[in-house]
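Could you slot chain X onto chain B? The hints should help.
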Amino acid sequence: MTPLTDPDPTRAVRVRAVVARRISEPAFWAIQAMVIGISVLHIALEADWIPLGEAASEAGIHHLPVVLYLVPVAYGSLSYGLEGGVLTSLWAGLLASFNVFLFNLEDYSWVVDLGFVVLVVGVGIITALPVERERRQRHRAEAAVRRLEALNELAEESLKARDPVEAVRTVLDRLSAILGVDDSAFVLWDRESEEPAVKVSQNQPSRIPGFNEDSAVLSPETLDTTPGVDYTRVEAGGYRGLIAIASRTGLADPEASSFLAAVGNQLATRVEIALLIEQEQTAWSTYVRLVTEAQEEERRRLARELHDGPAQHLAMLVRTLQGQPDLHGAATTILTELRRVARDQRPTLLDDLGVAPALDWLVTEGSKRSDLTMDLRVEGEPTRLSPESEVVLYRIAQEAMRNAEVHAHPTHILVTLRFLPGDVELTVSDDGSGFEAPNQPGEYVAAGRLGIMGMYERAQLVGGSLAITSAPGTGTVVVVTVPRGPVSHRAAIDRPPTTS
Amino acid sequence: MEDLIRVVIADDHALVREGTAQLLAKYDDIEVVASAEDGVSAMETIARFEPDVALVDIAMPGLTGIEVTKRATATHPSTAILILTVHDEAGYVRALLEAGAAGYLLKDVGELDLVAAIRAVNAGESVLHPSVTRTLFESLAAGRPEDAQPQPPLTERELEVLKQAARGLSNREIAATLELSPRTVQTHLGHIFEKLSVASRTQAVILGLKQGWLALEELE
Numbered sequence: 053m054t055p056l057t058d059p060d061p062t063r064a065v066r067v068r069a070v071v072a073r074r075i076s077e078p079a080f081w082a083i084q085a086m087v088i089g090i091s092v093l094h095i096a097l098e099a100d101w102i103p104l105g106e107a108a109s110e111a112g113i114h115h116l117p118v119v120l121y122l123v124p125v126a127y128g129s130l131s132y133g134l135e136g137g138v139l140t141s142l143w144a145g146l147l148a149s150f151n152v153f154l155f156n157l158e159d160y161s162w163v164v165d166l167g168f169v170v171l172v173v174g175v176g177i178i179t180a181l182p183v184e185r186e187r188r189q190r191h192r193a194e195a196a197v198r199r200l201e202a203l204n205e206l207a208e209e210s211l212k213a214r215d216p217v218e219a220v221r222t223v224l225d226r227l228s229a230i231l232g233v234d235d236s237a238f239v240l241w242d243r244e245s246e247e248p249a250v251k252v253s254q255n256q257p258s259r260i261p262g263f264n265e266d267s268a269v270l271s272p273e274t275l276d277t278t279p280g281v282d283y284t285r286v287e288a289g290g291y292r293g294l295i296a297i298a299s300r301t302g303l304a305d306p307e308a309s310s311f312l313a314a315v316g317n318q319l320a321t322r323v324e325i326a327l328l329i330e331q332e333q334t335a336w337s338t339y340v341r342l343v344t345e346a347q348e349e350e351r352r353r354l355a356r357e358l359h360d361g362p363a364q365h366l367a368m369l370v371r372t373l374q375g376q377p378d379l380h381g382a383a384t385t386i387l388t389e390l391r392r393v394a395r396d397q398r399p400t401l402l403d404d405l406g407v408a409p410a411l412d413w414l415v416t417e418g419s420k421r422s423d424l425t426m427d428l429r430v431e432g433e434p435t436r437l438s439p440e441s442e443v444v445l446y447r448i449a450q451e452a453m454r455n456a457e458v459h460a461h462p463t464h465i466l467v468t469l470r471f472l473p474g475d476v477e478l479t480v481s482d483d484g485s486g487f488e489a490p491n492q493p494g495e496y497v498a499a500g501r502l503g504i505m506g507m508y509e510r511a512q513l514v515g516g517s518l519a520i521t522s523a524p525g526t527g528t529v530v531v532v533t534v535p536r537g538p539v540s541h542r543a544a545i546d547r548p549p550t551t552s
Numbered sequence: 002m003e004d005l006i007r008v009v010i011a012d013d014h015a016l017v018r019e020g021t022a023q024l025l026a027k028y029d030d031i032e033v034v035a036s037a038e039d040g041v042s043a044m045e046t047i048a049r050f051e052p053d054v055a056l057v058d059i060a061m062p063g064l065t066g067i068e069v070t071k072r073a074t075a076t077h078p079s080t081a082i083l084i085l086t087v088h089d090e091a092g093y094v095r096a097l098l099e100a101g102a103a104g105y106l107l108k109d110v111g112e113l114d115l116v117a118a119i120r121a122v123n124a125g126e127s128v129l130h131p132s133v134t135r136t137l138f139e140s141l142a143a144g145r146p147e148d149a150q151p152q153p154p155l156t157e158r159e160l161e162v163l164k165q166a167a168r169g170l171s172n173r174e175i176a177a178t179l180e181l182s183p184r185t186v187q188t189h190l191g192h193i194f195e196k197l198s199v200a201s202r203t204q205a206v207i208l209g210l211k212q213g214w215l216a217l218e219e220l221e
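Chains as they are written, first to last, in our numbering: chain B, 53 to 552; chain X, 2 to 221.
It should be emphasised that the hints constitute simulated quantities derived from the structure, not laboratory data. One should not assume that every hint holds.
What the hints assert, rightly or not - Partner residues are not named here, just some residues of chain X that face chain B (Cβ under 7 angstroms, in silico):
id, residue
1, HIS14
2, VAL17
3, ARG18
4, ASP109
5, GLY111
6, GLU139
7, LEU179
8, GLU195
Claimed, not checked - Here are the computed distance ranges between Cβ atoms for each label pair:
id, chain 1, residue 1, chain 2, residue 2, range
9, X, VAL34, B, ASP378, 51 to 61 angstroms
10, B, GLN347, X, GLU157, 15 to 25 angstroms
11, X, TYR28, B, GLY381, 25 to 35 angstroms
12, B, GLU431, X, ARG158, 26 to 36 angstroms
13, X, GLU157, B, GLU431, 31 to 41 angstroms
14, B, VAL458, X, ARG158, 27 to 37 angstroms
15, B, ARG501, X, GLY125, 51 to 61 angstroms
16, X, GLU112, B, ASP378, 16 to 26 angstroms
17, B, GLU433, X, PHE194, 20 to 30 angstroms
18, X, VAL34, B, GLY381, 41 to 51 angstroms
19, X, GLU112, B, ASP360, 19 to 29 angstroms
20, B, GLU488, X, ARG158, 54 to 64 angstroms
For every residue, glycine included, the Cβ atom is placed at its ideal position computed from N, Cα and C.
Excised from the complex, chain B in its bound form (with noise of 0.2 angstroms):
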């Protein structure tokens, strides 16, 4: 496939478009009259079918029709420019001459006659040509305007990607739609690590030379020598990069180059911004992540040692109180207090038996403490889950059961626990007073339900999503979906090889 000696397969198209929007035009035909009107009325006086008087004819009345093709000539060259001039003129001294050889070959006034249609001619070519640079530049700055428009719909269309992939997906399908290429690429590499950073094709395979092998063959040296394809360099901040477009008929667009370095530069910036704001992320979910499980271990650690500790020495001294029932109650009071304190912290349960052991204890202990009715269900085959996400799903249970009881007031709360085969999905719905449930997580902040944006940042540790539907009188559901297989904590850093 090289483009340089194939023909031009549009050109037939081309042509053919222009002819079919000509005759398609009132000027067009408006022209066409002129001309052929003129060259009647020129027949018509060199002819004699008009009787003029004699006066009239030795003042030349019948060279004024050639003096009149200089209006068609000059519309022509004003509506079409050097085209529509040209063509115009000589066809009206196609039709001038006719009448010359006709008429006037037995005298010399076909010489004048002649002069004149190199007259019309000329004129016609005189007024193309200024109007003709002039619609040039005009075509070039209305193609600038409509770039320009595109470049900017690029813009906000990129930014309402949700994440840089995204971003550059889009932007690689409107640029190939724009220039009319068959692929097209982007490619980030960290300046440090000389890692890519982001590598999108517009096509999977893609058609730009060395995008499909490793990183490293895709070069500006390979893609200079390759036929058919256009690159530019990019950079933004830390990162550099390229943009290139491949096409199998040839890369016609001259203004093709500009608009790529213009459209590949933003999209750079753009790009680097995202990354900057993931790192962010990364750096910021790291954080409450560690903090999340210092704080458990924190817990786990308090509640074993109340266990270890206070709880055996006591319920050895329960023992031994058998035969004194005041001591007894009382010693058993403190007991029973000191391992809802440690349980509270963070039930033993969790970690000796899984999640469905603790939430069964959890619902329990929540129906006996308070007047409504919760029910624990069980769906599928309970089995562990890693640490960190048996944890996720406890604390968000607690949680959720903890808001509607607080908040909701609801007679029934049932907590719903799915193993399915790749998650494992928690539910708790009460039939409560329900809220107006806001569309982004982050609005919860804003009104100062934390606990709430808590349960969301504890199902993204570990992988999984949580939603909240809820509205006043309908009472809430939250549902948490957690992956069952092992969590990597660089889930959020490493993205997946092709989103849609």
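Below, chain X alone, put in the same frame as chain B:
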């Protein structure tokens, strides 16, 4: 003199090991043959002494009491595992009974109750601490599965026997209550185990509660 009940105590708290051993020393029919301070040595001690009863704590370093129970009931079925713990959550009770423990007691159990429990599990019966029985049953009743069978695959008589067993009565007591011979009660229980595909009366009772054949109120 009856056969001596040989007991092993597995607990990581010296206080509990010594206190319990001291307490049991007063009873002629019970002898504490050894003690262990973590899960791994608990397994070794059980293997070495093959005791009649092992008192096992849940929270132990190395192997938890749950693991010890699972392994010991598989390798040493002649040793009855009696859990002695501070945890009264239903989840532990269920997990341990399912693992094959013969009894579940809290550490604040009275001396006489502890001794009675050791004797009972040695005789092949199940023992639950009175306060954990209630939480266990509440938890079983609350977590009833959607596909619960409304009708038990048992005869009316067998269901009666299961209800009495659920109240914690021994075979002899069930026989007295239902005016049957102990041998008949044993036969009924055998049929129940077979029909429900379970290995012990505790498992049969748990299944009965899970399926809703036994109501909490009937067990008072």
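We went through each hint and held it up to the structure:
1. Because the smallest distance between the Cβ of HIS14 (chain X) and any Cβ of chain B comes to about 5 angstroms, under 7 angstroms, the interface hint for this residue holds.
2. The closest approach between the C-beta of VAL17 (chain X) and any C-beta of chain B is roughly 6 angstroms, which is under the 7 angstroms cut-off, so the hint is satisfied.
3. Proximity of ARG18 (chain X) to chain B is violated relative to the hint, the smallest CB-CB distance being about 11 angstroms (cut-off 7 angstroms).
4. The criterion of a C-beta within 7 angstroms of any C-beta in chain B is met by ASP109 (chain X), whose closest approach is roughly 4 angstroms, and the hint holds.
5. At a threshold of 7 angstroms, the smallest CB-CB gap from GLY111 (chain X) to chain B is about 5 angstroms, leaving the interface hint in force.
6. Nearest Cβ of chain B to the Cβ of GLU139 (chain X): about 6 angstroms, under the 7 angstroms cut. The hint holds.
7. Hint status for LEU179 (chain X) relative to chain B: violated, with the closest Cβ pair at about 32 angstroms, above 7 angstroms.
8. The interface hint given for GLU195 (chain X) is violated, since its Cβ lies 25 angstroms from the closest Cβ of chain B, which is over the 7 angstroms cut-off.
9. Between VAL34 (chain X) and ASP378 (chain B) the beta carbon distance is about 37 angstroms. The supplied range of 51 to 61 angstroms is therefore violated.
10. At roughly 55 angstroms, the beta-carbon separation of GLN347 (chain B) and GLU157 (chain X) lies outside the given 15 to 25 angstroms, and the hint is violated.
11. Between TYR28 (chain X) and GLY381 (chain B) the CB atoms are about 26 angstroms apart, so this pair conforms to the stated range of 25 to 35 angstroms.
12. Range check, GLU431 (chain B) to ARG158 (chain X): Cβ separation about 35 angstroms, and the 26 to 36 angstroms hint holds.
13. For the pair GLU157 (chain X) and GLU431 (chain B), the supplied restraint of 31 to 41 angstroms holds, since their beta-carbon distance comes to about 32 angstroms.
14. The hinted range of 27 to 37 angstroms is not satisfied by VAL458 (chain B) and ARG158 (chain X), whose Cβ atoms lie roughly 50 angstroms apart.
15. Between ARG501 (chain B) and GLY125 (chain X) the C-beta distance comes to about 56 angstroms, which sits within the given range of 51 to 61 angstroms.
16. Between GLU112 (chain X) and ASP378 (chain B) the CB atoms are about 18 angstroms apart, so this pair conforms to the stated range of 16 to 26 angstroms.
17. A beta carbon spacing of about 23 angstroms between GLU433 (chain B) and PHE194 (chain X) agrees with the range 20 to 30 angstroms that was offered as a hint.
18. Taking the beta carbon of each, VAL34 (chain X) and GLY381 (chain B) are about 35 angstroms apart, not inside 41 to 51 angstroms as hinted.
19. In this structure the supplied range 19 to 29 angstroms holds for GLU112 (chain X) paired with ASP360 (chain B), their Cβ-Cβ distance being about 23 angstroms.
20. A hinted range of 54 to 64 angstroms for the beta carbons of GLU488 (chain B) and ARG158 (chain X) is consistent with their spacing of about 59 angstroms.
Taken one by one, the earlier hints fail for this structure at numbers 3, 7, 8, 9, 10, 14 and 18, listed in ascending order.
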